[in-house]
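Chemist: Spelled out, the chains give:
Protein chains: 2
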Amino acid sequence: MSFYDKLKFTEDGLIPAIVQEQSTGRVLMMAWMNRASLETTIATGKTHFWSRSRQKFWMKGESSGHTQRVKDIAFDCDGDTLLIQVEQIGAACHEGYKSCFYRSVEGKEHGFKVTEKQLETPEQIYGKK
Amino acid sequence: MSFYDKLKFTEDGLIPAIVQEQSTGRVLMMAWMNRASLETTIATGKTHFWSRSRQKFWMKGESSGHTQRVKDIAFDCDGDTLLIQVEQIGAACHEGYKSCFYRSVEGKEHGFKVTEKQLETPEQIYGKK
Chain A
6 MSFYDKLKFT EDGLIPAIVQ EQSTGRVLMM AWMNRASLET TIATGKTHFW SRSRQKFWMK
66 GESSGHTQRV KDIAFDCDGD TLLIQVEQIG AACHEGYKSC FYRSVEGKEH GFKVTEKQLE
126 TPEQIYGKK
Chain B
6 MSFYDKLKFT EDGLIPAIVQ EQSTGRVLMM AWMNRASLET TIATGKTHFW SRSRQKFWMK
66 GESSGHTQRV KDIAFDCDGD TLLIQVEQIG AACHEGYKSC FYRSVEGKEH GFKVTEKQLE
126 TPEQIYGKK
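Chains as they are written, first to last, in the numbering used here: chain A, 6 to 134; chain B, 6 to 134.
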């Protein structure tokens, strides 16, 4: 049986993919895939997604160079979420942090704090616009 | 500024929450929260979600006893995904595995393999139906 038979895509044909750095266990990001981006991810060994806001197929790192080499693809009991282990080149976040989850809730007033150092600025990654 | 101002809920008022075991880095599950379940999670220190299939507010472990004690709540750059660090009691998965992501893709034929041992059967967790 193909694992594709176990997956449930949304009405829009999408499935959320959690991306984790295999060497550190750090959760880097969550993005959406359609079947084509999942197939391309498997075929090429580099993560590809579907951007809901831009309605566009994209390879992670296509403009930043911060690609993700796939080490493992797991799926959950309900078949509606993917967990992808990767080797991350540079920062995963377009804000220049290793992980997109660089802020945590702090204190009783529902404030927050930055928990990681910024590796690069967006201008350093993408150039000045 | 409250971190709630940074969050973007879907049109249905939901936000996906990735749950990670803090001590091991194992990603346990992904489930959806609405604002009420997030507020209750923060107030009680135990994870609460919104079930889309059952249209129901629920506490993780309410029937299994496998609760999750919250250690940290992070949110991503776009404010549309949460990452919650927890201390997990027992198996997170209703199938009796520590993690819901207990299967990984294997081989060129898109097969898959089970990558964790089953800690308990669903019958042991929930009783015979």
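Bear in mind the hints are in silico, worked out from the structure with no lab data behind them. Any given hint could turn out to be false.
Identical copies go unnamed one by one, so any copy, or any two together, can satisfy a pair.
Distance condition first, Cα-Cα at most 25 Å in a straight line; then the derived SDA-like pairs of lysine to any residue [what the hints assert, rightly or not]: (1) 113 with 44; (2) 11 with 99; (3) 103 with 16; (4) 122 with 60; (5) 13 with 62; (6) 13 with 85; (7) 103 with 77; (8) 61 with 14; (9) 122 with 18; (10) 113 with 99; (11) 76 with 115; (12) 113 with 68; (13) 13 with 37; (14) 113 with 125; (15) 122 with 27; (16) 61 with 108; (17) 113 with 124; (18) 11 with 124.
Chemist: State for each hint whether it applies.
Modeler: Verification of the hints:
1. Taking the closest pair of Cα atoms, residue 113 and residue 44 come within 25 Å of each other only across two copies (12 Å); inside a single copy the shortest separation is 45 Å, beyond that limit.
2. For the homomeric pair residue 11 and residue 99, the shortest alpha-carbon distance between copies (17 Å) is at most 25 Å, but the shortest distance inside one copy (32 Å) is not.
3. For the homomeric pair residue 103 and residue 16, neither the shortest alpha-carbon distance inside one copy (32 Å) nor that between copies (29 Å) is at most 25 Å.
4. With identical chains, the CA atoms of residue 122 and residue 60 are never at most 25 Å apart, being 31 Å at best within one copy and 39 Å at best between copies.
5. In this assembly of identical chains, the alpha carbons of residue 13 and residue 62 lie at most 25 Å apart whether taken from the same copy (19 Å) or from different copies (22 Å).
6. In this homomeric assembly, residue 13 and residue 85 come within 25 Å of each other (Cα to Cα) both inside a single copy, at 5 Å, and across copies, at 21 Å.
7. Proximity of residue 103 and residue 77 under a CA criterion of 25 Å is satisfied in both settings, with 19 Å inside one chain copy and 18 Å between copies.
8. In this assembly of identical chains, residue 61 and residue 14 lie within 25 Å of each other by CA distance both inside one copy and across copies; the values are 17 Å within and 22 Å between.
9. For the homomeric pair residue 122 and residue 18, neither the shortest alpha-carbon distance inside one copy (36 Å) nor that between copies (31 Å) is at most 25 Å.
10. Proximity of residue 113 to residue 99 under the C-alpha cut-off of 25 Å is found in neither arrangement, the shortest distances being 29 Å within a copy and 33 Å between copies.
11. For a Cα distance limit of 25 Å, the shortest separation of residue 76 from residue 115 across copies, 15 Å, qualifies, whereas the shortest one inside one copy, 37 Å, does not.
12. Taking the closest pair of Cα atoms, residue 113 and residue 68 never come within 25 Å of each other, the shortest separation being 39 Å inside a single copy and 29 Å across copies.
13. Taking the closest pair of Cα atoms, residue 13 and residue 37 come within 25 Å of each other both inside a single copy (13 Å) and across two copies (16 Å).
14. For a Cα distance limit of 25 Å, the shortest separation of residue 113 from residue 125 qualifies neither inside one copy, at 31 Å, nor across copies, at 38 Å.
15. In this homomeric assembly, residue 122 and residue 27 come within 25 Å of each other (Cα to Cα) both inside a single copy, at 20 Å, and across copies, at 20 Å.
16. Taking CA atoms no more than 25 Å apart as the test, residue 61 paired with residue 108 passes in neither setting, with 27 Å inside one copy and 29 Å between copies.
17. Taking CA atoms no more than 25 Å apart as the test, residue 113 paired with residue 124 passes in neither setting, with 29 Å inside one copy and 37 Å between copies.
18. Proximity of residue 11 to residue 124 under the C-alpha cut-off of 25 Å is restricted to the inter-copy arrangement: shortest distance 22 Å between copies versus 38 Å within a copy.
Consistency with the previously given hints fails for numbers 3, 4, 9, 10, 12, 14, 16, 17, ordered from lowest to highest.
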